[in-house]
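Asks: Take a look at the letters that make up each chain.
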Amino acid sequence: MKITIVDGRGELCPKPLIMTRNALREAGDNAAIDVLLDNDTARCNVERFLADHKIAFSTREEGAVFRVLIRASGVQASVGAPPQVVARPLKAASRGGEEYIVSFRTNRMGEGPEELGAILVQALVNTLGDADVPPQKVVMYNSGVLLAADNSPALAGLKALEAKGVEILVCGTCVNYFSLKDKLGVGKISNMLDILTALSSGSRVVVP
Amino acid sequence: VTHQASPCEFDLLTTVEQGGCSAKLPAQLLESLVQGLPKRDDPRLIVGTDTHDDAAVWKISDDEALIFTTDFFPPMCSSPYEFGEIAAANALSDVYAMGGTPRLALNLVMFPSSKIDVGVLREILAGGAAKTAEAGAVLAGGHTIDDAPPKFGLAVIGFVHPERVTSNARARVGDKIILTKPLGTGVILAAQKLGLASPALLREALDSMKTLNRLASEIMTRQGVLSATDITGFGCLGHALRMAEASGVTLEIHARALPVFEGVDALLAEGCVPGAAFRNLSFVEKDVSFDPALPWERRMLLCDAQTSGGLFFCVAPDRAQETLRLLREAGITGACEVGVVRPPSATKVAVTFS
Numbered sequence: 087m088k089i090t091i092v093d094g095r096g097e098l099c100p101k102p103l104i105m106t107r108n109a110l111r112e113a114g115d116n117a118a119i120d121v122l123l124d125n126d127t128a129r130c131n132v133e134r135f136l137a138d139h140k141i142a143f144s145t146r147e148e149g150a151v152f153r154v155l156i157r158a159s160g161v162q163a164s165v166g167a168p169p170q171v172v173a174r175p176l177k178a179a180s181r182g183g184e185e186y187i188v189s190f191r192t193n194r195m196g197e198g199p200e201e202l203g204a205i206l207v208q209a210l211v212n213t214l215g216d217a218d219v220p221p222q223k224v225v226m227y228n229s230g231v232l233l234a235a236d237n238s239p240a241l242a243g244l245k246a247l248e249a250k251g252v253e254i255l256v257c258g259t260c261v262n263y264f265s266l267k268d269k270l271g272v273g274k275i276s277n278m279l280d281i282l283t284a285l286s287s288g289s290r291v292v293v294p
Numbered sequence: 028v029t030h031q032a033s034p035c036e037f038d039l040l041t042t043v044e045q046g047g048c049s050a051k052l053p054a055q056l057l058e059s060l061v062q063g064l065p066k067r068d069d070p071r072l073i074v075g076t077d078t079h080d081d082a083a084v085w086k087i088s089d090d091e092a093l094i095f096t097t098d099f100f101p102p103m104c105s106s107p108y109e110f111g112e113i114a115a116a117n118a119l120s121d122v123y124a125m126g127g128t129p130r131l132a133l134n135l136v137m138f139p140s141s142k143i144d145v146g147v148l149r150e151i152l153a154g155g156a157a158k159t160a161e162a163g164a165v166l167a168g169g170h171t172i173d174d175a176p177p178k179f180g181l182a183v184i185g186f187v188h189p190e191r192v193t194s195n196a197r198a199r200v201g202d203k204i205i206l207t208k209p210l211g212t213g214v215i216l217a218a219q220k221l222g223l224a225s226p227a228l229l230r231e232a233l234d235s236m237k238t239l240n241r242l243a244s245e246i247m248t249r250q251g252v253l254s255a256t257d258i259t260g261f262g263c264l265g266h267a268l269r270m271a272e273a274s275g276v277t278l279e280i281h282a283r284a285l286p287v288f289e290g291v292d293a294l295l296a297e298g299c300v301p302g303a304a305f306r307n308l309s310f311v312e313k314d315v316s317f318d319p320a321l322p323w324e325r326r327m328l329l330c331d332a333q334t335s336g337g338l339f340f341c342v343a344p345d346r347a348q349e350t351l352r353l354l355r356e357a358g359i360t361g362a363c364e365v366g367v368v369r370p371p372s373a374t375k376v377a378v379t380f381s
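Taken in sequence, the protein lines are chains L and R.
Under the numbering used here, the letters of the first sequence match residues 87 to 294, in that order.
Under the numbering used here, the letters of the second sequence match residues 28 to 381, in that order.
Keep in mind that a hint or two might mislead.
What the hints assert, rightly or not - Which bits of chain L does chain R cover? Going by a derived footprint, with three or more residues having C-beta under 8 Å, they are: (1) 102–112; (2) 124–136; (3) 192–206.
As the list claims (entries may be wrong) - Below, in silico cross-link-like pairs of lysine to aspartate or glutamate (EDC-like), each with a Cα-Cα straight-line distance of 16 Å or less: (4) K313/R <-> D126/L; (5) K220/R <-> E97/L; (6) K203/R <-> E364/R; (7) K313/R <-> E200/L; (8) K203/R <-> E190/R; (9) K101/L <-> E289/R; (10) K203/R <-> E349/R.
Stated by the list, open to error - Ranges of calculated distance between the beta carbons of each label pair, as one might list FRET restraints: (11) K269/L <-> Q348/R: 40 to 46 Å; (12) D68/R <-> S265/L: 42 to 48 Å; (13) R67/R <-> D126/L: 36 to 42 Å; (14) V151/L <-> R191/R: 53 to 59 Å; (15) G275/R <-> N237/L: 56 to 62 Å; (16) G75/R <-> T127/L: 31 to 37 Å; (17) G63/R <-> N277/L: 20 to 26 Å; (18) G63/R <-> A249/L: 28 to 34 Å; (19) E289/R <-> V293/L: 42 to 48 Å; (20) D314/R <-> V219/L: 40 to 46 Å; (21) D124/L <-> L221/R: 15 to 21 Å; (22) D124/L <-> P70/R: 40 to 46 Å; (23) T360/R <-> R111/L: 30 to 36 Å.
Just so you know, these hints were derived from the structure itself, not from any lab.
Cβ atoms here follow ideal geometry from the backbone N, Cα and C, with glycine treated the same way.
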């Protein structure tokens, strides 16, 4: 798959969004686009645009640069017509057989409106479930453990991941802090040593 | 960097990243900042901070109240003279939004006098003075600070009859909502910096921003309007939300009926959505319901920060048609009926698209 790179580094809003939108248009049905951004406002706005149009994406922080990976199909961003976009599996992780761990530090994805963060994290969990190469492990700590609660909107997606054999480690101290012990819907309670071992294992760590 | 060009050739836009009302602090931040400030009530302060109105109103006597307001911002256009005109029109607009007549103004100026030819500042002040004179107000001084980038605006005093103050808090269920200028100045100004706005479109937006809300205000007060605001940095939805909250009603906005500069829809479809629109959206969205059929571009247009935007007011339903006719006869051709005031419901602003 050919990946188009949109280099929005050094550009101020709305330039990065215009570049992303143009790339989506040109890519047509099978968009595979990496958008590089170096400021958080541009990142938030591009992510918001993608989320609003139900275009699947994930974001990696690479030092001071955000890499927004778009792997969509059927992108039709025409004026007036409601977007008819089907989310497609994340394929980025399959490159070179690289292994990765997803670390949920909060119960949301990204910084910004809480509501948006909750929508995004749910979309991310679902997308992970469809990925060609699922993560090796998922670790959750601090408010990230709320995602494993039995009333979490991401519960179904996490259960699907676990059913595929993905180990979900939930920080025990955090579970106690939030009084979730009897309300845990997925994952296994873990300790700091296991979490540290996972995070330092050499696999790439994806922090949503 | 020292700018050497003569005042007429100097491009003010080279001094700023974001200008006009887009440069405002986000509404959430502003609210958290002023929350902790001590408040002193005075029965003479008949419009204060509670209703997020455009200006403070102080009752002097049974038939006179004073309107007090200020606005200033960095440049949003290339021409210093036009920047002065727009900044002044924008500051004066707060008096018009309260149903009053501006009488007295002071210049507020920040200008890097060692870096930019002071002839540029002379042009800015001349533009501001011309607009203030057009409003019939007197310029009586001001205050200057040596600072970059340039910023300009006015503090304005106006007068109004205390019973005819058009505040945010007096929208009545059943009233029709009228907006007097097209939306999209934020989008056009962002497009201008990227070379995406046609000269004709840019000209239309500049002319609109320079236009005083004077005639619109005179017409609405003659039509017995009690609730009005002007659409500026928080976008149409931000200002509508504040009116809905202050009045305890739900405002229904008809997104198909919005006046919009021709060409703005296409720019939005290109992704030319200024950051301020995203900021405004995150401020309003928990209190606003959107018709599922509403295109994304329309939603962002409703959140676009306007500089020197139009008046947004609520008029009795039986006078709406006549008001529109009077506005159009006065040359305010962009005026449209854009919604209706509903009884309070779960969402404070409901955007329809049918």
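Asks: Now tell me, hint by hint, if it's right for this structure.
Replies: Verification of the hints:
Residue count for the segment 102–112 of chain L with a Cβ under 8 Å from a Cβ of chain R: 6. That meets the three needed, and the coverage hint holds. Check result for the segment 124–136 of chain L against chain R: holds, 5 residues qualifying (beta carbon to beta carbon below 8 Å, three or more required). Residues of the segment 192–206 of chain L lying with their CB closer than 8 Å to a CB of chain R number 4, which satisfies the three-residue condition for coverage. About 22 Å separates the Cα atoms of K313/R and D126/L, which puts this hinted pair outside 16 Å; it is violated.
About 12 Å separates the Cα atoms of K220/R and E97/L, which keeps this hinted pair within 16 Å; it holds. About 7 Å separates the Cα atoms of K203/R and E364/R, which keeps this hinted pair within 16 Å; it holds. Of the pairs offered as hints, the one joining K313/R and E200/L holds, with about 10 Å between alpha carbons and a cut-off of 16 Å not exceeded. Restraint check: the Cα-Cα separation between K203/R and E190/R comes to about 21 Å, which exceeds 16 Å; the hinted pair is violated.
Of the pairs offered as hints, the one joining K101/L and E289/R is violated, with about 21 Å between alpha carbons and a cut-off of 16 Å exceeded. Distance restraint check for K203/R and E349/R: the Cα-Cα separation of roughly 12 Å lies within the 16 Å cut-off, and the hinted pair is therefore satisfied. For the pair K269/L and Q348/R, the beta carbons lie near 59 Å from each other, so the given range of 40 to 46 Å is not met. Checking the proposed 42 to 48 Å range against D68/R and S265/L shows it holds: the Cβ atoms sit about 43 Å from each other.
R67/R and D126/L have their C-beta atoms about 39 Å apart, which keeps the hinted 36 to 42 Å range intact. For V151/L and R191/R, the hinted distance range of 53 to 59 Å is satisfied, since their beta carbons lie about 57 Å from each other. The given range of 56 to 62 Å is broken by G275/R and N237/L, whose C-beta atoms sit roughly 33 Å from each other. Between G75/R and T127/L the beta carbons are some 33 Å apart, a value that agrees with the proposed interval 31 to 37 Å.
Checked against the hint of 20 to 26 Å, the C-beta distance between G63/R and N277/L comes to roughly 42 Å, which is inconsistent with it. Between G63/R and A249/L the C-beta distance comes to about 50 Å, which lies outside the given range of 28 to 34 Å. The hinted range of 42 to 48 Å is satisfied by E289/R and V293/L, whose Cβ atoms lie roughly 44 Å apart. In this structure, D314/R and V219/L meet the distance hint of 40 to 46 Å, their C-beta atoms being roughly 42 Å apart.
As the Cβ distance of D124/L to L221/R is approximately 18 Å, the hint placing it in 15 to 21 Å holds. Checked against the given bound of 40 to 46 Å, the beta carbons of D124/L and P70/R, roughly 54 Å apart, lie outside it. The given range of 30 to 36 Å is respected by T360/R and R111/L, whose C-beta atoms sit roughly 34 Å from each other.
Taken one by one, the earlier hints fail for this structure at numbers 4, 8, 9, 11, 15, 17, 18 and 22, listed in ascending order.
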